[in-house]
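**Q** Residue strings, one per chain:
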Amino acid sequence: GQQVQQSPASLVLQEGENAELQCNFSTSLNSMQWFYQRPGGSLVSLFYNPSGTKHSGRLTSTTVIKERRSSLHISSSQTTDSGTYLCALDSNNRIFFGDGTQLVVKP
Amino acid sequence: DTTVKQNPRYKLARVGKPVNLICSQTMNHDTMYWYQKKPNQAPKLLLFYYDKILNREADTFEKFQSSRPNNSFCSLYIGSAGLEYSAMYLCASSRWQGGAETLYFGSGTRLTVL
Chain D
1 GQQVQQSPAS LVLQEGENAE LQCNFSTSLN SMQWFYQRPG GSLVSLFYNP
51 SGTKHSGRLT STTVIKERRS SLHISSSQTT DSGTYLCALD SNNRIFFGDG
101 TQLVVKP
Chain B
1001 DTTVKQNPRY KLARVGKPVN LICSQTMNHD TMYWYQKKPN QAPKLLLFYY
1051 DKILNREADT FEKFQSSRPN NSFCSLYIGS AGLEYSAMYL CASSRWQGGA
1101 ETLYFGSGTR LTVL
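Residue numbers (the working numbering), protein chains in the order written: chain D, 1 to 107; chain B, 1001 to 1114.
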């Protein structure tokens, strides 16, 4: 079965709205990493977050190991936030990706 | 320099012809990975090198080859491309960080097989 379940699969926002992206995992966790990919671009690391909460500008990542979940919160979304957001779980030296969330932020 | 470089950015290949993709990093990372990514799908691990040891995934074992002549370079080789190989190919490298790995990705090579 799939080790990482990411939701939602797609999300459309109006500029200024907030977004909450989720990853739930079914295996043991060494770390969780969140990536962003602009259409046609490379995967850019947003957070490396094995546990707890981390902030970077308008982005917040929270990983709760005992609940087997990690979230990415985007506040006051902008059109430039549009793209694909992927979570990647590092479990015992193997890395599992979620299927991604396609985010579209409309002006 | 924390970038992972991939060449070429775009690649066009004919069915049945070989394809060779190149990846390099200068971060002295011990592990380098190749992923295949198709639209709306998660990146799929094809193989990875830990130092000089190559690990290939069971379901792609016979489809992809790789070489790592030194720590900085890693190639992905397709002996005979098929239409199903059309995808983005992502190279990544990693370093051990506090008991887990942080991945750094290249920009990818978009392969189109005709």
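Treat each hint with caution, since some may be false.
Partial list, computed: chain B residues near chain D (C-beta under 10 Å) [what the hints assert, rightly or not]:
# : residue
1 : V1004
2 : Y1033
3 : P1043
4 : S1066
5 : Y1085
6 : A1092
7 : L1103
Below, in silico cross-link-like pairs of lysine to aspartate or glutamate (EDC-like), each with a Cα-Cα straight-line distance of 16 Å or less [as the list claims (entries may be wrong)]:
#  : chain 1 : residue 1 : chain 2 : residue 2
8  : B       : K1038     : D       : E20
9  : D       : K54       : D       : E20
10 : B       : K1017     : B       : E1084
11 : D       : K106      : D       : E17
12 : D       : K106      : D       : E67
13 : B       : K1044     : D       : D99
None of these hints come from the bench; they were simulated from the model.
Note that CB positions come from ideal geometry on N, CA and C, so glycine has one too.
**Q** Sort out which numbered hints this structure fails and list those numbers smallest first.
**A** 4, 5, 8, 12
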